[in-house]
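**Student:** Hey, can you work out the whole structure from these sequences and the hints?
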Amino acid sequence: MAEALLSVQGLRKHYGGLAVTNDVSLEVLPGEIHALIGPNGAGKTTLIHQITGTVAPDAGRVVFAGTDITRLSLPRRVQAGLARSFQITSIIAGFSVLENVALAAQAQSGSSFGFLRPAAGETVLNDAARNALNEVGLADRAMIIAGALSHGEKRALEIAIALATRPRLLLLDEPLAGAGPEETERLIALLRRLKSRYAILLVEHDMQAVFALADRISVLAEGRIIASGGTTEIRASDEVRAAYLGEEEIPC
Amino acid sequence: MPRLRLDVALTLLVLAALALAPLLGFGANHYLTLFARIMILAAAAVSLSFLVGGAGLASLGHAAAMGVGAYAVAILDAHRLTDITIVLPVAIVAAALFSLLTGAIAIRTEGVNFIMITLAFGQMAFFTASSLAPYGGDDGYTLYDRTEIFGLRLMENRLFFHYLCLGFLLFCWGFCAMLLASRFGRVLRAARENPLRVQAVGFAPYPFRLLAYVIAGTLAGLAGVLFANATEFVAPAYMGWQRSGELIFMVILGGLGRLSGAILGAVLFVLLETWLPNLTTHWKMIFGPLLILAVLFMRGGLIGFLGARRG
Ligand SMILES: Nc1ncnc2c1ncn2[C@@H]1O[C@H](COP(=O)(O)OP(=O)(O)O)[C@@H](O)[C@H]1O
Ligand SMILES: [Mg+2]
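Chains as they are written, first to last, in my numbering: chain A, 1 to 252; chain B, 1001 to 1311.
Read the hints as simulated data drawn from the structure, not as lab findings. Since the model is a prediction, treat every value here as computed from it, not as a measurement. Note that CB positions come from ideal geometry on N, CA and C, so glycine has one too. Each statement offered as a hint is correct.
In silico contact screen, one side only, chain B against chain A (beta carbon under 10 Å); selected entries:
(1) 1185
(2) 1187
(3) 1190
(4) 1194
(5) 1199
(6) 1200
(7) 1201
(8) 1204
(9) 1205
**Tutor:** The following block contains the structure:
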């Protein structure tokens, strides 16, 4: 078996008396989609926050590509090859779509303490940005103000921004949330295309999407991983059914 | 696109008027004094607009950096050091260092806390200046000489000084515009709107913001050097929160979104402040409410107003 790209070991986080992350360990292998599912409030977003460095864990380690990154800041982790999308869309609404992505490309291309040349005229950055926009199907929207995009397009833009940071691992927090049926189809197709090139930790509520995309599924409930395995295993697990009882049916 | 043209065109028109004014019958001393005040405060306002509108750092202590530049002139003057080869480097280093030390702390905070801390540093500078007894203390200090340029008393030439101030204003405007368009400025603008997003693409905003703060403070310090020469006088009030507040007002009055707004705002502000006292002795009772109404009813300042009118 290949060496894990991301390895989360014994992570714990308490908010007051609430154990939001309770001894969580999981791995993401190169080139796989590892899906993380679980009811609302299970602690999925908080776990992603700890992996990306916006929330500090109380205990445990995050190891990325063989290096302990538990103490690194978010920007440092991104530079190391870890990129994320946010559950609540986070773009720069006043920038054009292209400039949103060019900003990310800029972080990967030399120093940003450049003062003389207009950044908007840098072909290296614009080309990298257009490539990323091409991948997510937003190339024809490049010159629009990002705030004017549809919700589904904003989700795609977030992924393009993540791609432009040249990541090895994508952490996607509910990338399909709030997208319409057609947009969902398009986003699933996009994730399938990305699958071979990036390792992905996918938090998603859309079970159909999860079962269609994931190589491996872990189930989080009340801060604990209650099951982990292949799609068929998880589908058959009674524990998972119990955790989801009253939430939603697992489609078969 | 059209909006850009309109506010820039108007600002260029104002600058052209300032360039031609001394040649078209406005060459009397009291006019030139007024113009110098307009241009120097406009340059300081542009540097503040770069900080507030560009980097999202709403400083209420910007006058302090300007005052540091002015006091550099005064203190050196008291020791009979008046040549630009000494005054300029000392003023630049002093203003930059002051901004670096205060900024290093202030930029760790956000929002209202940032405003309060910059205000506090400004007042600290104000009280420090008040306590400088050898340099006038509360009463201020009158210069023996204007700054000399390589031994030449060029600044005493009213026309030379006029065009020096105009050149400095143009430089500030162009320099700040260049910075905002650059890679550096792109990170600043992005971090103003969404700092989390900026971190999530791999930038720590802090060093970018700190450098912006130092650059803006240094430009303000240079404006302070000119201001001291214009008035041939330096006082603690140059650093106080009232002056900082006036600068913020100019920026907002003209329009926060564009550097040109700071220039238009400064022109309008100084003209009102100069002409209103001619109408009534109670002019401040008109001026204050007028400014507040302008901010309330002209969203986006003068520039926003012009844009809205057209569209
Ligand atoms: N900063 C916080 N302070 C206190 N409680 C929090 C905080 N962030 C999240 N929580 C709580 O932690 C639990 C898990 O939240 P979250 O990670 O967002 O879950 P999920 O993404 O799985 O829906 C929720 O009960 C939430 O209220
Ligand atoms: Mg969540």
